[in-house]
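Student: Each chain, letter by letter, is given below.
Protein chains: 4
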Amino acid sequence: MRSVGETPAVSIPGSDGPTSLTTVAVVGTTGYTGQEVRRLIDAHPGLGAPRLLTARHATADAPGDAPDAPEPFHPERLDGVAVVFLCTPHGVAQPLARTELERGCRVVDLSADFRLRDPELHARTYGAKHTAPELLDEVVYGLTEHARPRLPDARLVANPGCYPTSVLLPLLPLVSAGLVDQDVPVVADCKSGVSGAGNTPAPSNVFGAVHDNFRAYAVGGHRHAPEIKQEAGIRKLVFVPHLLPVFRGILSTIYLRPVQGASAEGMRAHLQDYYEGEPFVRVLDGEEGQPSLADVQRTNRCHVALAEQDGHVVITSAIDNLVKGAAGQALQNMNLMLGFPEDAGLT
Amino acid sequence: MRSVGETPAVSIPGSDGPTSLTTVAVVGTTGYTGQEVRRLIDAHPGLGAPRLLTARHATADAPGDAPDAPEPFHPERLDGVAVVFLCTPHGVAQPLARTELERGCRVVDLSADFRLRDPELHARTYGAKHTAPELLDEVVYGLTEHARPRLPDARLVANPGCYPTSVLLPLLPLVSAGLVDQDVPVVADCKSGVSGAGNTPAPSNVFGAVHDNFRAYAVGGHRHAPEIKQEAGIRKLVFVPHLLPVFRGILSTIYLRPVQGASAEGMRAHLQDYYEGEPFVRVLDGEEGQPSLADVQRTNRCHVALAEQDGHVVITSAIDNLVKGAAGQALQNMNLMLGFPEDAGLT
Amino acid sequence: MRSVGETPAVSIPGSDGPTSLTTVAVVGTTGYTGQEVRRLIDAHPGLGAPRLLTARHATADAPGDAPDAPEPFHPERLDGVAVVFLCTPHGVAQPLARTELERGCRVVDLSADFRLRDPELHARTYGAKHTAPELLDEVVYGLTEHARPRLPDARLVANPGCYPTSVLLPLLPLVSAGLVDQDVPVVADCKSGVSGAGNTPAPSNVFGAVHDNFRAYAVGGHRHAPEIKQEAGIRKLVFVPHLLPVFRGILSTIYLRPVQGASAEGMRAHLQDYYEGEPFVRVLDGEEGQPSLADVQRTNRCHVALAEQDGHVVITSAIDNLVKGAAGQALQNMNLMLGFPEDAGLT
Amino acid sequence: MRSVGETPAVSIPGSDGPTSLTTVAVVGTTGYTGQEVRRLIDAHPGLGAPRLLTARHATADAPGDAPDAPEPFHPERLDGVAVVFLCTPHGVAQPLARTELERGCRVVDLSADFRLRDPELHARTYGAKHTAPELLDEVVYGLTEHARPRLPDARLVANPGCYPTSVLLPLLPLVSAGLVDQDVPVVADCKSGVSGAGNTPAPSNVFGAVHDNFRAYAVGGHRHAPEIKQEAGIRKLVFVPHLLPVFRGILSTIYLRPVQGASAEGMRAHLQDYYEGEPFVRVLDGEEGQPSLADVQRTNRCHVALAEQDGHVVITSAIDNLVKGAAGQALQNMNLMLGFPEDAGLT
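Heads up: the protein sequence lines correspond to chains A, B, C and D, in order.
The first sequence maps to residues 2 to 348 in this note's numbering.
The second sequence maps to residues 2 to 348 in this note's numbering.
The third sequence maps to residues 2 to 348 in this note's numbering.
The fourth sequence maps to residues 2 to 348 in this note's numbering.
No wet-lab data here; the hints were simulated from the structure.
Hints should not be assumed to be uniformly reliable.
A pair holds if it fits inside one copy or across any two, identical chains being indistinguishable in the list.
To be verified - Taking lysine to aspartate or glutamate and the EDC-like style, the derived pairs with C-alpha atoms no more than 20 Å apart in a straight line are:
hint: 1; residue 1: Lys230; residue 2: Glu309
hint: 2; residue 1: Lys237; residue 2: Glu289
hint: 3; residue 1: Lys237; residue 2: Glu135
hint: 4; residue 1: Lys130; residue 2: Asp286
hint: 5; residue 1: Lys230; residue 2: Asp274
hint: 6; residue 1: Lys237; residue 2: Asp182
hint: 7; residue 1: Lys237; residue 2: Glu72
hint: 8; residue 1: Lys130; residue 2: Glu288
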């Protein structure tokens, strides 16, 4: 069995060595996230055809008839799998991850099951006791640009939520540098395309309810707020998500008070310096205008801009919620876990 | 039996006795606002066919050939006109309003020309010296629910901007009641449909630039910010507008810190009490969910909801930018100026 | 019991007499059609608050708790009801209509249950034996402009399908006048907004499946084809519906071969003559361009244009599928059944 | 000078030989087509950075300041260019193509300038005399799947129009096989996304005119009709384009009468046989449902389905108008001209 962190015997254009393809698995293939993970796996030069599994009817033996129907999840179906992508509903990933780790697989969990480090907070936030709390200590929160050193050895990566990704990429370096006044809340006014709500037909996502419409939701508190607070290390946050009549993309508008002496200009310089050379994060110059969803849709990029009004700083941050906010970041994490170039399959 | 052409003895619901039809004029009929004013005039039971004028080519004598082509603006064309609606670009309304008042007309200006009381602030904001500063003292800022006592005698009404209307309706009563902590800025994160940007074809409003897209604009400062500050009586405001891929509607999400002892619940009670019985403003109960654009599109209504996170209050406010944010409020103001029922032609 | 066709003791502007309001009922209030019927009833000056009924759980006694929750359908709840609008799924209306007629109500059925005169054809088309065939002889097919003489005495009106309405309004007068060559099929390429498919959440109507997308469906044959053939009196029809990423509206493009000597110009003249003075049908002049959905959305109008290519005539016809294609035409029919002005509540 | 048809000294994955990159040029880079050509060139493994030229201000010497601003078109700027893509407005390509051929470049013209073989027909259709009629004889009409044998030696390729591409791919093999009854017209009811109309802001393409709307245009005759007739070899065609509220994609619904003995099933079998193994054309099986825009957007694919009603055959055909209908097919043609694998850069 290959030990964790060992560089796989795989080659892709630009790297040396033999060309065997790595096998990965996807558990949960019917949602938008699972479909996007599959699409990116297909486009990845170092990966073979993925093993497709379903956590539903885990006791059924008969595989589906359709050519790419997923097989029921059985531990033995994980043999030879380097990384498992969990694209299951919240709550389902906890026992699956334990099983997968036991079988020697490494795990990138795209659900929320391992994002919160404190099991009590998890229980309050997601309404159920955590069933694999012993794993929480080793979880790597996979905001790739900030988790990079820990990824090569990570066994279990909690892929960040879509909203947190869009907020944390600009916010985290500013908080870490002590530039954000924490006496007032950070306000994150976030707008997401409909794909963020999943593809299960519901009154809230039928065309007639979304098209030509717009509204806020979860205004009293959303599950991504504790995740943002935990990772940004901030005490106060007001986070309001909204539903856009578009399919893909998140634009977050973040309002914060700089500490004495800080400014939008200084923060921009700090972020540009921090993300210099990053393949996927771009901090726009003042004159470049504003990030838009169209700039980042179907890419793994995050575009950020900063401005100032009445002494407060306004940050806008755009990502594709299904790519950098989910499947793309999951493969970016996998690339670093397995020793691929970070942008393999993502450009 | 009434003979054809005779002035009709017409009454409208809620008014007494017969009332012959009132003549109004519209200057500027090609933009979305002018078109919406015309649509609402046509639906108003107390108004006759409007006189359509254009401020372009004011020296040309020949009227257009099309059946409803506007005539060039000449002072004598205002004879018998009770109210003139100015739907002209910024800067044009200043000399027109002076002329109209001299001819005995009353004026509802839908441009920004008379919204700011301080001519210096106007000059800084709109980039040109005010050419009718002597009129600024008598201007009534026509946020109808707050201007009601002054409207019957008003000669010159500055119809509020669309963003300010959506922000001020919930904000103003809270500030007036001393419930808003002014040591931190009020944040107004506002999202508007494309009609707010006018109908002149431009790279920014072609379908390919807006559809399936979303972005912020004027992040460093927008002309509606001084107007909101002036009317709300607040010192600090961070106001960021965004462009939605919808045609009609504004949703504003407003973040503020309540003073010690105040809360979202108390503010909701205050607003529900304040707007009790109002035909067009509705403050939703906590359990009624969130206002959406679909609830207010093509109506003169404003729907408001309040929630709380980490001690801060979040207010959402939805209007139709072309109706309550422009033409509908203009007719609502006219109704009060002329003694019509306030909701005549608006339900 | 009031005999069928008796003029109700009701008055609306423009009619004489007392002003008591007529009571109507709506069975099926949760679909888009039922909601649109309710909206139009509320706007109708001669109707009181409608009685809202549901055919689901017809045996349950307890009414719903919500203020406007429908009551279970019981025959005695029809007392005093002049007209019942059936907005139920196909198959449900047959027994309901029989009961309603027995209670002395008149019926406008917005489902497909009484549109086909031949019960065998109905069974083949809708997959179930007709359960009220004895009523088929007296059904009036309610394409209002063509059913007008029969409506005052009609007890049971089959409200036309949305696609048939858009196709038949221009086609029927041309076929009746012998202008259409029936040796080749009439081709009807029809495009509908999503509301035509109902509001039950399904994979086919979630935002992600419709937005930015377009496709044909039922290409091998759609249930509206026999209805169009029956009413137009044509032998051959190729009818292909498509799903537009809009909420409301149908545009039908109809291709036909004129008989020797006929032309688009002559057909246009015939239609303009035929529909002269009609409040809701407008045949555009050659130079007026093409009907668009925006011209007819939220109205009871049908706009038609004609052109010619290579000896064939192209007709475009636009309606709002929920208004002229459903609820609006239902009220237009009711107006004529009850002696209201035909456009009451529809302008 | 390199002779036409010589295989360039270039290699891409899957081919042998050295790996120098080929230089191409794009004239006209501001429209959607020019931008899409650039995007595809960037993704092509065998092409270097393209030379960007503009036909505007051809006499100006100063290049633009922006990093990728196009240079003014000068013949000497074509040195070393293997293929020039002309993405200019109609009429501009004629003199440019002559110059380019004289300089030894090969040309793929994405405008309509060389699509019609008869200069008289061109003049009637495009309203101007052809200025390079001597080139018409050698033009290869680049519907790739049908032009393949002539492309390796082609000097001047007329890239097909977007509508013709969608119609001809299914229609041409059926006509060639004698399966289409030409006594009645073929009807092509085509629906296109807005990008087909270009990105110059105009009243017809602003968001407010397109969103939530739909209409036909050019109903009396469109410039693509003679092109379809010429290439399909049919005498009678009724072609009506419509404007969809989407950005990318064309769905064409084609109605035709099969000759005695032919059927939709037989035609499907013929097309499946004809296009067997093609990388970009897929003829769906009967049970696979209907092509949708979402299936082909951002791809070079054409999806086709067939059905039958009342003895007539209905064909639906979907492409991305900017890819298979323009830039993608242009690169597909270039691949065959230069000896690249046909799908290089297109998957």
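Student: Hint by hint, which ones does this structure get wrong, listed from lowest number up?
Tutor: 2, 3, 4, 5, 7, 8
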